Each structure stands twice: as structure tokens, then as C-alpha cells.
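Number of protein chains: 4
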Amino acid sequence: MEKVKIGVAGLGRLGKIHARNLAFKIPGAELTAACSLLESELAYAKNELNVQDCYTNYDEMLAKADIQAVAIVTSSGEHCKQLAAALDAGKHVFCEKPLGITVDECFAAEKAVEKHPEKVFLLGFMRRFDPSYVYAKAKIEDGAIGEPYLVKATGVDPLKYIEGALKFAKTSGGLFIDMAIHDIDLMRWFLKSDPVSVYAVGSSYGFPQFAEIGDAEAGCALYKFQNDAMGIIHTGRTAAHGYHIETEIVGTKGSIRISPVPQKNLAILYNEQGVVTECVEAFPERFDEAYRSELQYFIDCVLTGKTPEINVYDGTRSTQIAFATTRSFKEGALVHIQYSD
Amino acid sequence: MEKVKIGVAGLGRLGKIHARNLAFKIPGAELTAACSLLESELAYAKNELNVQDCYTNYDEMLAKADIQAVAIVTSSGEHCKQLAAALDAGKHVFCEKPLGITVDECFAAEKAVEKHPEKVFLLGFMRRFDPSYVYAKAKIEDGAIGEPYLVKATGVDPLKYIEGALKFAKTSGGLFIDMAIHDIDLMRWFLKSDPVSVYAVGSSYGFPQFAEIGDAEAGCALYKFQNDAMGIIHTGRTAAHGYHIETEIVGTKGSIRISPVPQKNLAILYNEQGVVTECVEAFPERFDEAYRSELQYFIDCVLTGKTPEINVYDGTRSTQIAFATTRSFKEGALVHIQYSD
Amino acid sequence: MEKVKIGVAGLGRLGKIHARNLAFKIPGAELTAACSLLESELAYAKNELNVQDCYTNYDEMLAKADIQAVAIVTSSGEHCKQLAAALDAGKHVFCEKPLGITVDECFAAEKAVEKHPEKVFLLGFMRRFDPSYVYAKAKIEDGAIGEPYLVKATGVDPLKYIEGALKFAKTSGGLFIDMAIHDIDLMRWFLKSDPVSVYAVGSSYGFPQFAEIGDAEAGCALYKFQNDAMGIIHTGRTAAHGYHIETEIVGTKGSIRISPVPQKNLAILYNEQGVVTECVEAFPERFDEAYRSELQYFIDCVLTGKTPEINVYDGTRSTQIAFATTRSFKEGALVHIQYSD
Amino acid sequence: MEKVKIGVAGLGRLGKIHARNLAFKIPGAELTAACSLLESELAYAKNELNVQDCYTNYDEMLAKADIQAVAIVTSSGEHCKQLAAALDAGKHVFCEKPLGITVDECFAAEKAVEKHPEKVFLLGFMRRFDPSYVYAKAKIEDGAIGEPYLVKATGVDPLKYIEGALKFAKTSGGLFIDMAIHDIDLMRWFLKSDPVSVYAVGSSYGFPQFAEIGDAEAGCALYKFQNDAMGIIHTGRTAAHGYHIETEIVGTKGSIRISPVPQKNLAILYNEQGVVTECVEAFPERFDEAYRSELQYFIDCVLTGKTPEINVYDGTRSTQIAFATTRSFKEGALVHIQYSD
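Chains as they are written, first to last, in UniProt numbering: chain A, 1 to 341; chain B, 1 to 341; chain C, 1 to 341; chain D, 1 to 341.
A portion of the hints provided could be inaccurate.
Heads up, the list lumps identical chains together, so a pair's fine if it works in one copy or across two of them.
[Unchecked claim] Okay, derived cross-link-like pairs now, BS3-like style, lysine-lysine, Cα gap no bigger than 30 Å in a straight line:
id: 1; residue 1: 139; residue 2: 16
id: 2; residue 1: 3; residue 2: 119
id: 3; residue 1: 139; residue 2: 192
id: 4; residue 1: 64; residue 2: 25
id: 5; residue 1: 16; residue 2: 167
id: 6; residue 1: 3; residue 2: 16
id: 7; residue 1: 160; residue 2: 253
id: 8; residue 1: 160; residue 2: 192
id: 9; residue 1: 306; residue 2: 137
id: 10; residue 1: 192; residue 2: 119
id: 11; residue 1: 97; residue 2: 25
id: 12; residue 1: 25; residue 2: 5
id: 13; residue 1: 253; residue 2: 170
id: 14; residue 1: 167; residue 2: 253
id: 15; residue 1: 16; residue 2: 137
id: 16; residue 1: 16; residue 2: 306
id: 17; residue 1: 306; residue 2: 264
id: 18; residue 1: 16; residue 2: 264
id: 19; residue 1: 81; residue 2: 16
id: 20; residue 1: 139; residue 2: 160
id: 21; residue 1: 64; residue 2: 3
id: 22; residue 1: 115; residue 2: 64
id: 23; residue 1: 253; residue 2: 330
id: 24; residue 1: 25; residue 2: 137
id: 25; residue 1: 46; residue 2: 5
id: 26; residue 1: 5; residue 2: 16
In short, the hints are calculated from the structure, not lab data.
Predicted model, so just to flag it, every value in this text is computed and none were measured.
Sequences are here, hints too, so could you generate the full structure?
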């Protein structure tokens, strides 16, 4: 029974999730190395995950560790150069989103991936692995809603975590780049096309701090796609009820809606408020299974030689679209999006 | 355009509902007389309903008023003799539930109705006229769930009105007679059979006052029907979320559930509690449309000579079953129900 | 007990609904006159509504009928001049939406209404009278969701009635004028502001006939409001499941969503498909109660001298916005909306 | 990082689920041995789970395998003697439900467990580990519904698998023993009391084969508990929509309902049927996470020396109650339940 030896780079909140999955939950994976700038994170790897081969230097891990693959969960600005280095070192690469923090970086990442066609490269658009999204996609491919022509996507972070959002606002890239990139990927996935124009609006409603730095607390964008389909995104940082990710795909014969009520579980409370469903708190709770499934898929691709369906170009495109959306918001203008190919 | 002139007897909470409907909302009805022991209620009839022909004596109304029909909404103990008097006086009769407060009374009512086959007699099982129940019945007749074999009925009054329930507990006849009679009627309607045995349990959980007078605050009953079908009733007086009437009909090919969430309307609130649906407060809100529809049906029967589908025997049977249920609860024993026919 | 004598102009599908309500369901109203170009509609008034004072000429009705008010439910192109004539004839006016079919017409209507400040004028934005919308508005005024800053409105006609939509497509004014005007009114109502820019997209997806005449089968629009709030509209003509009217109002402390499942009633079917809720077929079913309530409100205003909260300027604004939306769709450009005041 | 070496006995449908979890998904567990009468099942262990230490004889595994614990997932008739043998061999024991197939067997199992108080013994009532049930229990302990006084439990197998149910009907022990034992355990868990009387009814409605062998296709039972609480069970084998496990706990201040819609995932389909939620097919899908969690809990108990909250007496009691329920159904009588302590 073959196992893929893998090293993880980055052991923050999401890095720990991936590392635990690789250590314990993914048949076929063996987490054997870890890299972090923080000693506390490496101590976690040693003590909680039983990973003894630890590094504070990423390139050293690539050079010395006995691994066939790396999972890159570092800060966004590191992704592009780290994935290139890993591929050049002969490793398969799982890389968290976003691909890069500029479009030029993404183009560089494309070249790095193209140079190593025999290596598996997977970008972490984990929603595509969530059971509800997998189901929706399968139903649609099966004709359940006819031809999809509109995606309405909502992604709002919980008000409960507003402090963190405010703290990282300046370096987040802005609402549409930080938050909407998953929704942009979903639109492209379901509509099988790219947007050619976008109009975005947004503002600060409860937290003027966002406006003060030129960002928005909540925003909406409307997209027209190459194939005449439409896309709507509503994103924000202050959902009182929890972490709200909702997607509707409308087709010529019906529609599918995912998670209008972001329920914590299947229990419903009847009390003096009425009938109450508690909601998920944040992304680790909502996408727990998706995070496992995407890494399982990555390992399966490595073991079988299959090419992942999500590719580096998906990373570039979603980034381009997020930047165009941001420009529309900042300029108050309709923005036409052109792709280089 | 023919109109049925009708008099109302009793103008309490439910009497007012019926009277307003007859006065303003039922094409074909003309509320022209009213009878009540209370001057305040008659003042209401005069000022709010424009009914000038008012009586404090029921028999006087029957004798003098220019009416073809009466709506009896007096206290339960009056129903049987008042309906007989009205029929004898040549009036069509709409009578609120229950038919009577003893089974013998019900038998007397049967005779009174049998004596006047040309008169319309309708008993106020209004749930049968609620759009959701009408729909469920039609779907079932249409084969949507195959052969129905189990009804699970829940009827719980709102905690908000517990003061009233405590105040009238002694004269209510007890939980199963006061509350479950509608559910009993629904079971019979959907299962097209009568129960032959019943086991009932119940107790006081938050309000010992009920136990102190030998009654229950909440109770459940399990019925076995002549045709081998099953029935479950859960009834009580303390729903924190509102007025909870829920019915499930299970059949060989599917099931239909009515109102698991007794929503006030179609609005849903997303707030720091989660996702919240406010619920209906009490029966006038829940069955607003049903009350209109049952009187519309009554008037239509009068105008067209149609015989109502709900008959006096439904009243007797539901009463017999409620008494048997009460006996089982009081004796802690399985009770077999025998019908005289 | 005073009653308002009223005449109805127009007895088509919606005209009949209003007329029946006025004849039978609105205490305080007395339908005494009717006007239609069609003898069959007047026959309906005579036979079904017991209205004997019938006219084929609108001005003749105004001149001769013993009425204090008119309900205008004629074709959209007649509204403006008919309401002016009625006001000049000293009648109170209930007028179906839209106010007019051009913005200039609306300005003329404003003048007509301003000339008769003592007369009640109500425009038929019935959704504002639907119990769920009334509830949502009250909760919001009560602070339940903090400050509203985004309205997401969906209005899609049932696929079942596509034949009619195709037949009237040419004269409908186009998707955004014909369908979105209610959603535009709702946005303005909930956000208490007017949009200053709009981007709209749309196309034909299943029925190329719409594109052939320059119209859209489905479309979306994104609005930026004067007060920085946002609005999204999704409208179309081909909902497979029924008549889909859904509105979400997002505020700083929560949100309210109305009718994500446009349920026919409270019954839910469990069958081999899964758990199924049947949906409302069309607007008369969905807004049955709203149609009654808006006329009740109109009659109450007439009887009490109260000034309606919906005024003629709401009609003008919604029309202006619908036209701007249409222009954006047709030109593929961002459109800035300027108001004359 | 200590790991518990464990052997699995039985590799049928559920045995495979447990074995896969132990092999791949439970940090702290190491599946090192397997036992089955079937070579094909042992081949599965070798090839799919990488377990090379395989046995066709259970006692041989106990004697030879290097294991600290066993997971017993054999046929119900083997449970009692196998758990006793394992405990005597010094192994910790996870045993699938039911504890035994007679009450006497259960008493013997109690003695076996009592003899080895230092060993962990856990019975597989996995529902107690399902996130929704865990949540409900925690909310209740937290006072969210006041004092629980009624449990309404529904457990119906999917019509889709009726062939299997018919095939095993004769050896299943009957509907109430085979199906209701989980619901019985849930009632006891939530109400913290044992039933003292039961009345059960049931019959065959679509499949006379059950009646022919004295069993029921669907049945209901009503329980009165020692503490005056109430319990209702509805169980059956023919849910058209899927695998239906629903539980409602009613308390003095509210209630909690788990899974009224046994949804497959968070996606909802809008199509010509209406609004449709697809349902889970069977228990592996519904309780996927619960199966992992209960074994995780077992391993944690072994590693930490914690005593499981579910004990052998829970197994005996649920069996006694299931037998009493069956007797009531067969005799058509109220049955009083007495416990030996």
C-alpha cells in the first residue's frame, strides 16, 4: 500500500487543518515534514502530528526532506515562488488559494507549472470538494436544471470575527480579492465561461474603518459572461448569524441553491424566539469535509497520475477577475475584462 | 343574487370571528341577527357589524328573526339543545365544535339532525377547510402517498396563554376532550376508519395545577384503528414558540406533513440567534382562512342544497373517542372503544 | 355604517380580482359601477358581482355613476389620463401599477394628483400590503436588522405561463419595465433612498424570441443608491417551480428574507423525489391577501381622510428607474440616474 | 505518540465501515488484525486496509494477535460470548448493538463486563455521537428546553432496501427489536429514566410478508416513564424518500427536533416538482461522522482510562424494552416493564 510522503509549509489556522488531515485522515498520505517560521508551530507538528522532520527554511525542506509532495499554506505573497521552487525540486504541489497576489505573479506560476507537466499541481479551491457543491455540479452535468445561465453567490464572514477582519484589512488585498475569489471560481466552474464585464459597488455600513482605507465592509458585483451568462456576487464581513456561504445556480429548466440556511447541524430549536436554526461559525466548521476531500483528491492524483480538474489557469483567471472587480468598485465604473489568450 | 340571512348565537372570541366573516367576507351570506347574553357583545354587533336585530334570548331569535340559518358559537354545553331548537324552527345550522359535552347529548343531536334531513347541518371542524389540509386531502385522494396508514397529530397551545388554560381547566373537560378533538377528527378523516383501542398517558410538567385537578398539562395517545391503521396524538398547553398544530399522514408510498414549522408568514430572520422563523400566536391567526372557508362552504350548501361532508356522526364519534382517551389516561389502562352501530 | 361607492374600470384577470374583493370582501366598500370595452366582462360584473350600473365608456361612468371612487385596472397606457380624469371628476383613485408607460406621463400624473390634494390617490404596489412584507417592514423599523443597506430582489414568472409572456412581449415595455417595477419599489421602500447608478445585463437562454425583439428572457441589475446602499434585482420569465418572488433585506445587525421557498401552503410531501414543497402558480395565488389589504387600505383612507403612504412620486421614481435599467441593458453601459427635483 | 492496536471481528457492511475508520481515520488507532469467516472479507482487509494479520477463528485472533482491543461487528447472536472472551483475554471491547439477542444474554454480558472493570467496554449506540444529537444533548443539559418530558422518535428504513428487509425478516427479531433499539436508547438518554409501561401497535400495509410471519412492516409504541415522562416511537421499513431518522425532545421551555428533513446535503433543487430536497439513502450516509466519532471516543477512553458514558446496562435495558414492546404488539395488550434491580 503505497503512501505519498508530504511536507507542509505553513502551520497557521488553515495550515494546521491541512496538516492534521494529512497526518490522520487521508489514506495514502504520510505527513513526514513540516516547515514554519514559528517554533510554536513546529512544536505543534512534533507533538500533535508526530512529524519530527521540521524546518524553519522552506528551501531547506525542499532540499533535504524525504518527500514527494508539498502542501503550501503560507501567506499569500509566498505562494508563487514557493510553488515554483517545489516543482523545480521535483515535488507535487498542493497550494492554497490565492495563486498569487498580483496577476503577473500568476503568469509566472503558470510558467512554473507548464515547465513540469508530469507533476501534480492543485490549487485549494476547496468549495469544489464540498459534498453539496459536488452534488450540485453532478446534478447540473446530469441536466437537472437545463443550461445554467446565472450564478448568485453570497459569501459573508461572521460578525463575530470582525476584529480579525479589521486587523488584517490593510493587507488583505481588499474585500473582493480577499473574500470573493472563491465565489468567482464557483461562477466560472458552473457557467463554464469567463466574465467580460463587471460593475461592483460597496461601502462601509457598520464599520467605517473599511472605508477609511478605501476598502468596503460589504459589496456586490454584477458580471456579464462571454457566453451571455450572468453572475452576481454579494460579499461582506458582518453576518450576524454566522458564516454565510450560499450559491444559487439558475438554469433553463430549474435551479439549485446551496445552503440558504448555513445550519450548524440537523437540529432545530423551538423556543420563545420561534423556530431557530443555529449556524456555522466559520470556514473550518463549514468546509471541514471539503478540506479532507480536496487533499484526498490531491493524493489520489499523485498516486494515479491523474491530472487535477482545477488547474493553474483557474488561479490566474480568478485573480484577474477579482482585480477587475476591485477596480470597478474603486473607480465606480464598468470594467471590461480582457484575457491575454 | 340570492343571499342567506343568518343569525349568530354567541359573540365571544370565536363568535366574533364567525360574525365578522358572515358580515363582510362571505358572498352569499347576510348577517342580520345576533344573540348574546352580554350587552357588550350585542353592542359590538350593532356598532361594528351593523346588525340591528339583536336578542338576549336564543329562542326569541329563532322565533322572531328573519333568518334562514343560525351559527351557534355559544358555550359547549348549549350546543346540542340549541341546534335541535334551530332545526325544529326550520333553520339551517352551523354549530361550533364540540357537538356536545357528553356522548348521550351527541346521540340526541343525531336524532335532531335526522329529523330534518332537508336542513343543512355543519359542525365546525374548521381544520378540514384550511388550505393546507384541503391540499393534503386532495393529494392523498389522488394517490400521492399510496394508502394512508398512520396519522401523527400534534396540537399544542401557546405557553403565552397558559393563564387562560389554567383558569378554564376545571370546566374544560380535560386535555384530551378540550384539545384533541380536532386531531381525532383529522385522524378519522385521513384514515377513513375509527379507532378500536387507545392508550393515553400524560402528566403535569411545568404546571402542577393540572395534575391537582386530575388533568394533564401534556399528553399522548396511541390508537389502533378498525382497518389496522395507527394514530398518534400529542397534545399540550405550553408550546414556547406559539400555537403548534402539526399533522403527518403516512402512507404506503409517501407521506405528507402539515406545518412542522407553524410560521407566522413567509419572512425569515437571520440574526445573532441563527435563522429564526416566528410562529403563529394562536388559533385565530393560524386558521383565519379556514374559518372563512368553512362558513363559505356552509352558505354554499344552503344555497345549492348540497349535503355537507362533515356530518353529525363525525361529531359523535370524535366525542366518543375523546372520552375513551380520557378514560385511558385516568385509569392508566388500555381502553377498547365500541360504537353502537 | 358608511360605505364608499366605487366603480371599477377594466375587468381583465387582475380587474376581476379587485372587483370581487370590492364587491364581497372589503367592509366599507360597495362596488356599484363597472366599465369595460368588452361586453363579456360587463356580463361578469352583472351576473357574478351584481353590479348593474355598467359602462363601455370610461368618461361616461365618471359623469353618470353614483360613485365616490374608481379603481383603474385598465391597460397600462390608459392609467395616466384616466386617473387625471377621475380626480378632475372629484373621485378618489386607486390605480394599478405602473403609473404610466413613459416618464413624461408620470410627471403629468403627478400634476393631476397635486391639483387635488383632498382626494385619495393610491398606486397598486400590492406587495407592500402582503403580510410577510408588512411584517418585514415593521421588524426593520423596530431595529431587528440594524440599518438596512442591501436589498436583493428576485421576481421570476412561472415557465408555465411562458406562452402569454411571449404573446405580450412586444407591448410589455420589456423585462425590466414589465417585471422589475415591483422590485424597484421594494428596494426604495426598504432602503429609503433612490438609486443613482445601475448596470443591467440579460439575455435569452431558453426562448430566443425575447432576444429577437431586443428584450431579455432573464436579467439582473445592480444599483448603487444615493445613501450608499446597494440593490440587486434578478428577474425573469421561466421559473420551473412556479411564481418566484423573493426579497432579502440585509442590515448592519441581521437580515430578513421573504419567501425563499414560494410555498403553496404549509404541506410538505415526502416521496421518492425526496422532500417536496409545491409552489404557488402565479400572482393571484401569491398575493391574494395583499390585493384585499391594499383595497381595504384605500377604502380606509377614503373613509378617514388619511393620506396613503404610497404616493404618485413613488410611481414616477419606479418608472424612471425601470427605464434607466432598460437603457443600461440595451446599451451595455453603466447608467447614472438623475431626478429632476 | 501512543497508538491502540486493535483487531476487527466481522467485515460485513458495517464491519467494513468500522475497519476503514480504524485503519485510516482515527488518530490513535492502528488496525492490525482482522477476523472473518469469509475469505473475501479477509482479502478486503489485506488489500484495502493493509491488515496482514488475519484470522478465520475469533478465539485464535484473541490468543495470537498483538492487539489491545477488539471491535466486534459480527452477527448479533455472537456479541455476548465474543465480548466476554475478549474481556477475559485482556482486551478492551467495542461492540456493535444489540448487546445480545435475549435478555439473559445481556445479563451474562453485564457479568462479563463487571468482572473486568479496568477494561473499556463501549456499546455501539452511534447516534449518541452524531453531531446533531451531541448538540441537542448539550443544549438540553444547558437548559435550552427546560426539563425534557417527551421524546418522539421516528426511525424508518428506506423503501429502496425493502428486499433486504424481507430477506432477513425472519431472523431480525422483529421490527421493534431490529429497528427501534436505537430510538429506545435515545429516549432513555434524553429522558434520564426508564419506561414502565408500553403499548405497541403495527401491521403490514404494503408488504403482507411481514404479517405472514407475525411481524409488522410499520409500528408505533407509546411509553410511560418512571419519572412520568412520555415516549413515542414510530418505526418502519418503507420510507419512500430515504432513510428517515427523526427525533424530537419536548421540554417545559421548548423543544429540539433533529432531522425532520433527512437531507443528503445542503443543496436544494427548484424544478417542476416544486422545491425538492434529496434525502440520505441509508445509515452509512446518515451516520458517517457518528461512526468515526464513536470509535474515536472508544480509542480516547482506552488511551486515557476514561470510563465510557454508555455502559453495558444501557444495552440490557434497551433490549428489555424492545422485548416488552414486541410483546405488547404481539399480544395487543398494555405491557408493564419491570427491571430486576
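Hints and how they fare:
no. : hint      : result
1   : 139 x 16  : between (33 Å within a copy, 29 Å between copies)
2   : 3 x 119   : within (16 Å within a copy, 34 Å between copies)
3   : 139 x 192 : within (15 Å within a copy, 40 Å between copies)
4   : 64 x 25   : both (25 Å within a copy, 29 Å between copies)
5   : 16 x 167  : within (21 Å within a copy, 48 Å between copies)
6   : 3 x 16    : both (20 Å within a copy, 21 Å between copies)
7   : 160 x 253 : between (39 Å within a copy, 11 Å between copies)
8   : 160 x 192 : between (35 Å within a copy, 28 Å between copies)
9   : 306 x 137 : within (20 Å within a copy, 44 Å between copies)
10  : 192 x 119 : within (25 Å within a copy, 56 Å between copies)
11  : 97 x 25   : both (21 Å within a copy, 26 Å between copies)
12  : 25 x 5    : both (14 Å within a copy, 17 Å between copies)
13  : 253 x 170 : between (43 Å within a copy, 24 Å between copies)
14  : 167 x 253 : between (45 Å within a copy, 20 Å between copies)
15  : 16 x 137  : both (29 Å within a copy, 29 Å between copies)
16  : 16 x 306  : both (26 Å within a copy, 27 Å between copies)
17  : 306 x 264 : between (34 Å within a copy, 28 Å between copies)
18  : 16 x 264  : both (22 Å within a copy, 28 Å between copies)
19  : 81 x 16   : within (21 Å within a copy, 43 Å between copies)
20  : 139 x 160 : between (34 Å within a copy, 20 Å between copies)
21  : 64 x 3    : both (19 Å within a copy, 28 Å between copies)
22  : 115 x 64  : within (22 Å within a copy, 53 Å between copies)
23  : 253 x 330 : between (37 Å within a copy, 25 Å between copies)
24  : 25 x 137  : both (25 Å within a copy, 27 Å between copies)
25  : 46 x 5    : both (16 Å within a copy, 22 Å between copies)
26  : 5 x 16    : both (17 Å within a copy, 26 Å between copies)
Of the numbered hints stated above, none is contradicted by the structure.
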